Structures are given as structure tokens and as C-alpha cells.
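Novice: Here is how the chains run, residue by residue.
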Amino acid sequence: MNIKTKLILLVIAGVVTLGAATIRITASLLEKEGLAEIKNIRSLLIDQRQIMLENLVDNAVRIIELKYTEAQNEGRSGNEADVKEKIALTIDAMRYGENKKDYFYILCMDTQTVRMHPKKEFIGKKITSDEFRDPDGELFLVKQMDAARDNKQGFDYYRWEKLGFDEPVSKMTFYKVFKEWNWVVATGVYMDDIEAMTERNRENIEAGVSRMTLMLSLLTMGVCSAIIIIAVFVAQRIGKTLKEAGVMFRDISEGEADLTQRLEIHSKDEIADMAHSFNIFIGKLQQMIQEIAEKADTLNSASEEMTELSRHFSSGADYMLMKSNTVAAATEELSSGVESIAEAMSHASSNINTVVTSTEEMAVTVTDIAEQSEKARRITGRAVEKAMGASERVQEFGEAAKDIEKVTETIIEISDQTKLLALNATIEAARAGEAGKGFAVVANEIKELARNTALASQDIRKRIEGILNSIRGAVAEIIQITDVINEISDIVSVIAAAVDQQSVNNKDAAKSVSDISMGIRDVNQNLNQSSTVFAEIARDIGEVNEMISNVSKTGAHIDAGAETLSETAESLRSLVFKFKVK
Amino acid sequence: MNETKTNSELIEICTFYLRNQIYGVNIQNVREINKNQVYTKTPRAPEFVLGVMNLRGRIVTVIDLAVKLGLSPSRTTSETRILIVDSHNEYVGLLIDRIGDVVSAPGADIDPPPANLDDVAGAMTVGVYKSPGLLINILDIDRVVE
Chain A
1 MNIKTKLILL
11 VIAGVVTLGA
21 ATIRITASLL
31 EKEGLAEIKN
41 IRSLLIDQRQ
51 IMLENLVDNA
61 VRIIELKYTE
71 AQNEGRSGNE
81 ADVKEKIALT
91 IDAMRYGENK
101 KDYFYILCMD
111 TQTVRMHPKK
121 EFIGKKITSD
131 EFRDPDGELF
141 LVKQMDAARD
151 NKQGFDYYRW
161 EKLGFDEPVS
171 KMTFYKVFKE
181 WNWVVATGVY
191 MDDIEAMTER
201 NRENIEAGVS
211 RMTLMLSLLT
221 MGVCSAIIII
231 AVFVAQRIGK
241 TLKEAGVMFR
251 DISEGEADLT
261 QRLEIHSKDE
271 IADMAHSFNI
281 FIGKLQQMIQ
291 EIAEKADTLN
301 SASEEMTELS
311 RHFSSGADYM
321 LMKSNTVAAA
331 TEELSSGVES
341 IAEAMSHASS
351 NINTVVTSTE
361 EMAVTVTDIA
371 EQSEKARRIT
381 GRAVEKAMGA
391 SERVQEFGEA
401 AKDIEKVTET
411 IIEISDQTKL
421 LALNATIEAA
431 RAGEAGKGFA
441 VVANEIKELA
451 RNTALASQDI
461 RKRIEGILNS
471 IRGAVAEIIQ
481 ITDVINEISD
491 IVSVIAAAVD
501 QQSVNNKDAA
511 KSVSDISMGI
521 RDVNQNLNQS
531 STVFAEIARD
541 IGEVNEMISN
551 VSKTGAHIDA
561 GAETLSETAE
571 SLRSLVFKFK
581 VK
Chain B
1 MNETKTNSEL
11 IEICTFYLRN
21 QIYGVNIQNV
31 REINKNQVYT
41 KTPRAPEFVL
51 GVMNLRGRIV
61 TVIDLAVKLG
71 LSPSRTTSET
81 RILIVDSHNE
91 YVGLLIDRIG
101 DVVSAPGADI
111 DPPPANLDDV
121 AGAMTVGVYK
131 SPGLLINILD
141 IDRVVE
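Protein chains in written order, with the numbering used here: chain A, 1 to 582; chain B, 1 to 146.
Since the hints were made in silico from the structure, they are not lab data.
Since the model is a prediction, treat every value here as computed from it, not as a measurement.
Where hints are given, some of them may not hold.
[Unchecked claim] Derived lysine to aspartate or glutamate pairs resembling DMTMM-like cross-links, with alpha carbons at most 25 Å apart: (1) A/K120 <-> A/E206; (2) A/K511 <-> A/D368; (3) A/K152 <-> A/D58; (4) A/K447 <-> B/D86; (5) A/K437 <-> B/E146; (6) A/K447 <-> B/D142; (7) B/K35 <-> A/D368.
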């Protein structure tokens with residue numbers, strides 16, 4: 001059950017209880033007051049009745065006394081029974097009240113009988129008669145007579161039949177003793193109207209009370225409703241603010257953690273103060289988380305850099321290790337190479353002697369070559385001269401051919417002219433008609449001749465062109481031959497010079513060989529020393545190798561550390577990014 | 001002209017070339033073939049008129065036959081000749097690319113020009129000689145020099 005419901009329930013319970021209590025108390029107070037008033041009114045009415053009855057009875061008794069005194073004074077005591085009868089009739093005639101229904105009655109204490117009553121059958125009857133029992137079974141006339149004997153006057157209450165009523169109704173009677181005759185004069189009034197009025201008043205009051213209760217209930221309900229509505233409204237506002245706060249708290253606690261949210265402040269109460277404080281707190285938290293996020297970013301990038309660095313470091317170490325391995329291998333190879341060299345050197349030393357012998361033999365051969373190459377040079381020189389001559393003669397032939405070509409062209413031109421001439425002659429002959437027939441034949445012959453001449457000349461020209469082409473080819477080939485011969489001549493000269501140089505070199509070589517032989521011995525010695533040095537280097541490289549592999553391991557450790565750091569930074573980031581701060 | 005002659009009669013035709021196409025004219029219309037190509041340009045003449053030349057004291061108008069027949073203007077080469085023709089006693093020089101020969105054509109072998117030859121050359125053709133291996137358009141000189 002949330003606070004809102006609790007508040008509402010509390011308010012409803014309180015208001016309903018208060019309302020019910022108010023209604024109950026008010027109603028009971030009203031009822032009490034009403035009842036008290038009824039009682040007052042009733043006793044007032046009864047008092048009035050009593051006074052009336054007392055006056056009536058007093059008047060009746062006075063009348064009796066007056067009659068009695070009158071009778072005494074007139075001296076008619078001798079006929080006392082008549083007097084009594086007369087007075088009794090007078091009293092009997094004294095009716096009063098509504099429709100003159102109320103009456104007096106007289107009891108005789110001496111005879112214990114009814115002396116006078118509107119109902120004639122009661123007159124003379126004993127007061128102990130069963131007819132004078134009220135519904136409670138009491139002999140009320142006996143009771144009245146006893147009370148009258150003691151107190152001379154007084155009230156009596158009983159129930160007696162009343163005209164128009166089925167049941168006996170409550171009746172109040174005042175009695176007074178007329179002592180001269182021991183009469184009890186009494187009259188009574190029925191109390192039913194008072195009872196009825198009382199009853200009516202009670203009913204009115206009860207109705208009033210219930211009406212008042214109803215009104216009060218409605219009023220209370222209205223007020224309660226208003227209070228409840230206000231309470232619900234207030235409770236909802238409180239509940240809403242608390243709920244918003246609750247949602248925010250839940251957001252923050254469950255990871256959605258939206259720190260950009262703020263509680264909305266609608267009121268100026270303690271909740272508003274709390275919300276305000278909470279907003280400030282969230283603001284500070286947001287700022288802090290933001291800072292942490294930034295720091296986490298920085299940490300992350302730093303750890304990434306570190307990872308990168310350590311990777312570089314690791315790869316550098318690996319590279320170094322590889323290199324040192326290479327160096328070690330190279331050193332071993334070198335060492336074995338040195339040994340091979342030493343071996344080769346001793347081999348070389350033995351070969352040197354063979355070289356010396358060969359060099360001497362070569363010197364003889366070189367001299368021979370020098371002579372032969374000089375001879376070759378002379379021959380090529382002559383060949384070049386011959387080729388030049390051939391070339392010149394061919395060129396001369398070419399010139400002659402060109403001259404012939406010119407002549408041929410002239411012939412072609414002449415034949416062309418001749419043809420034109422023949423054509424014109426043909427035309428002339430045609431125009432001359434029959435006279436020109438013979439001339440036309442001649443002209444045709446000439447034309448034919450000119451055509452043949454032209455054909456022959458063209459044939460000659462073609463042939464000369466072929467000759468000229470051949471000449472051009474021959475000239476080119478001769479030039480190539482000349483070039484080749486010149487090259488051979490040059491080569492021969494170079495050979496001759498080289499041979500000369502070789503001859504000198506051979507002598508130097510012989511000396512160099514003995515120097516080499518000595519040098520090889522020195523080298524051999526040095527190599528032996530080197531071999532020792534290489535072994536030391538190999539050992540050192542081994543140590544370096546070990547150190548580098550240590551470095552590599554350290555690098556791996558750093559890498560692992562950096563990765564752990566990176567992971568930590570990442571988890572910090574993911575932790576921080578659970579909060580929404582932007 | 002010579003269309004009225006009988007089919008058995010031989011007609012002599014002087015042939016020549018324009019842009020490698022062979023043409024012919026009746027030899028009766030030809031005065032001579034001239035190699036000399038010296039002519040004086042005449043101002044404000046039609047496009048096909050190249051100029052005038054002096055032929056042994058006689059003034060002869062030289063026209064570019066190619067242009068007259070609706071071809072592009074001729075270029076002068078060593079084979080270029082001027083064919084002097086006679087139209088109504090007036091000499092006109094026709095510039096040709098190359099001279100051919102004089103051929104004798106039987107009248108039966110000369111057909112009238114085909115009806116669908118409606119271009120400029122067609123209008124100036126009087127007949128087509130079907131010599132062995134080639135067809136020769138025979139030009140009407142009077143219409144050429146009109």
C-alpha cells in the first residue's frame with residue numbers, strides 16, 4: 001500500500017469517524033433536550049389540570065357547604081335526606097369540559113358506597129365492588145377513600161373507561177372530604193389528550209431529530225467528500241512527486257540511470273524542498289558522473305596508448321630477438337666460413353706454385369700472338385683500300401645509268417609529241433574526208449610507231465631503275481664490308497696493344513704471386529685468431545639473446561597489465577555510461 | 001549532226017579522259033589537240049571559263065570541261081591537254097585530263113543516251129558507244145559550248 005492510498009484511507013477514516021460521532025452526539029443531545037421539554041410541558045399541563053381539578057372540587061365542596069349552611073339556617077335539618085338528595089342532584093348537574101362530558105361523583109365514607117354518579121346503576125354500590133377495579137386489578141375507590149380519610153384531599157391516578165375508547169384510559173382524579181356528611185367529593189379528567197400530545201411531541205421531536213440527522217449526514221457527507229477530494233488531490237500531488245522521485249531513484253538504481261531528469265516542483269512545501277535538494281544532488285551527481293565519464297575516457301585512451309606502446313615494445317623486443325638470433329646464426333656461419341677460408345687458403349697456397357709455372361709459359365705464347373696480330377692488321381688495311389676502290393667504280397656505273405635514264409625520258413617525251421602530232425594528223429585527215437584517207441593511214445602508222453617507241457622507252461627506264469636499285473644495294477653492302485674490315489682492324493690493334501701490356505703484366509704477376517703466397521700465410525694466422533674471437537662473440541650474442549628474451553617477457557607482462565588496465569577502464573566506462581548524463 | 005548517217009558507216013571519235021572516265025567527241029568537231037596551256041584569264045567570266053588563248057592569231061575561249069559537266073575544277077598536270085573544237089565556225093578550247101585515241105565506231109554500235117541520264121553530263125550526251133571492254137559517252141559539242 002503506497003503513501004497516497006494510506007493518506008487517503010487515513011483521511012477518509014478520520015473524517016467518517018468524526019462525521020458519524022458528530023451526527024450521533026448531535027442527535028442524542030437533540031433527543032435529550034426534546035424529551036426534557038416534553039416532560040416539562042407534560043408536568044406543566046398536569047399541574048394546570050391539577051389546579052383546575054382542585055378548583056373545581058373546591059367549588060363543588062363550597063357549593064355543598066353553602067347549601068348545607070343555607071339548609072341549617074332555614075332549619076330544614078329535619079329533612080336532611082332531602083337536602084342531601086338535593087345537593088347531590090345539584091352537584092350531579094355541574095357538568096363541565098368538552099361536550100359537558102366531565103362530571104363529579106360522591107362517595108359516602110359511612111356506608112362505604114357510591115353516593116352520587118352520572119351512571120345511576122353505580123349509586124348505592126359498595127366501593128369494594130368488582131366493577132371498580134382498574135385493569136391492574138386495584139380497587140381504586142377503596143384506595144381513594146382510604147387516602148381521603150387520612151389526608152382529607154388529594155389526587156389519585158388510575159385507568160378508567162372513557163366513552164369512545166375501547167380500552168380504559170389514564171385518568172387523574174382530585175378528591176376532597178366534606179366532613180359534615182363524611183362525603184368524598186371527587187372529579188377526574190382523562191389524561192389521554194396529554195399523553196397523546198406528549199406522544200405527538202415525541203414523534204415530532206424524533207422526526208425533527210431524524211431530519212436533522214439526515215441533514216447533518218448530508219452536510220457531513222458533503223464536507224467529508226470535499227475533504228476527501230482535497231485530501232486525494234493533495235495525496236496525489238504528494239504521491240506524484242514521490243512517485244517521480246521514486247522513478248528517478250529506480251532509474252538511477254536499475255541502470256537506465258537518467259541523470260538529466262529533474263523533479264518538477266509544483267508546490268512550496270517540504271516535498272518541494274526535498275525535490276529541490278534532490279535536484280541539486282542529482283545535478284552534482286550528474287556533474288560527477290560526467291567528470292568520471294571523461295576521466296574514464298581519458299583512462300581508456302591512456303590504457304589503449306599504453307597497450308599500443310607495450311605492443312610496440314613487445315614487437316621491438318621480438319624484432320631484437322629475431323635480429324640477435326640472426327646475428328648468432330651469422331656469427332656461426334662466419335665462424336665456419338672462416339674455417340673454410342683457412343682451408344681454402346692452404347689450398348690456394350699450393351695452387352700459387354702452379355700459377356707461377358703457367359705464367360712463364362704464357363709469356364712465350366703472348367709474344368707469338370703479338371706477331372700474328374701485327375700481320376692481321378696489315379691485311380685488313382689492304383682489304384679496306386680494295387673495298388673503297390670497288391665502291392667508287394660502282395658509283396661511277398650508277399651515274400652512267402642515270403644518264404641513260406635521262407636519255408630514255410627524252411625519248412618518251414619525243415614519242416609523246418609524235419603521238420600528239422599523229423593524232424592531230426589523224427584529225428586533219430578526217431576533216432579532209434576522202435582526200436585525207438591515205439594521209440590518215442600514214443598518221444596511224446606514225447601513231448603506232450610513237451606508241452611502240454614509248455613502250456620500249458618505258459621498258460628501258462624500268463630496267464635502268466632495276467640496275468640503279470642493284471647499284472644502290474651494292475654500294476650499301478660495300479660500305480658495310482668496309483665498316484666490318486675497319487672494325488676488325490681496330491680489334492686487331494687492340495689485341496696487339498693488350499698483348500704488349502700482358503707481356504709486361506706477366507712479369508709483375510710473377511712477383512705478385514710470391515707476395516700473395518706470403519700474404520696467405522699471414523692471413524692463415526689471422527684467421528686462427530679470428531676463430532677464437534668469433535667464439536667469444538657467439539657467447540656474447542647468446543647472453544644478449546637471453547637478455548632480450550627477458551625484455552620480451554617483461555613486454556608481455558606490461559602488455560597484460562595494460563590490457564587489464566584497458567579492461568578496467570572499459571568496465572568503468574560501461575559502468576559510468578549506465579548513467580545518462582547528457 | 002551525224003545521227004542521220006547509215007548504221008554501216010564508220011564514225012571516227014576522238015576519245016579523252018576526265019577523272020579517269022572516258023569521253024568522246026566526233027572527230028569532225030575537233031580542230032586540233034594542243035599541248036600549249038598558256039591562256040589569259042578573263043575577268044568576270046563564268047566559273048567554267050578559264051580564259052582566252054591565242055591559237056595562231058585566232059582568239060579561242062578556254063573552258064574547264066570538267067566544271068561544265070558538273071565535276072570539280074581540273075588540276076593541271078603534264079598530261080593535261082586543250083582540245084580545240086569547232087562549233088558553228090567558232091573555236092573553243094576544252095581543258096581535258098588526258099588525251100585518248102581516235103577510234104572508228106560503226107554506227108550500229110552507238111546507242112542513244114539512256115533515259116535516266118538526267119544529270120548535266122547526260123544532257124550533253126548524244127550517244128553511247130559500246131566499244132569492246134568499255135562504254136564511251138559521246139558529247140554534243142554544240143551543247144557543251146552553248
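Novice: Need the status of pair A/K511, A/D368: alpha-carbon distance at most 25 Å?
Specialist: Holds, because 23 Å separates the two Cα atoms, which is no more than 25 Å.
Novice: Need the status of pair A/K447, B/D142: alpha-carbon distance at most 25 Å?
Specialist: Distance ~29 Å between A/K447 and B/D142 Cα, so the pair is violated.
Novice: Taken at face value, is the distance from the CA of A/E206 to the CA of A/K120 at most 25 Å?
Specialist: violated, 45 Å
Novice: Is it true that the CA of B/K35 sits at most 25 Å from the CA of A/D368?
Specialist: violated, 79 Å
Novice: Would you mind confirming whether the straight-line C-alpha gap from A/K437 to B/E146 stays at or under 25 Å?
Specialist: violated, 32 Å
Novice: Sort out whether B/D86 lies within 25 Å of A/K447, counting only the CA atoms.
Specialist: holds, 23 Å
Novice: With a cut-off of 25 Å on the C-alpha distance, tell me whether A/K152 and A/D58 pass.
Specialist: holds, 12 Å
In this structure, the earlier hints numbered 1, 5, 6 and 7 are contradicted, and the remaining ones agree with it.
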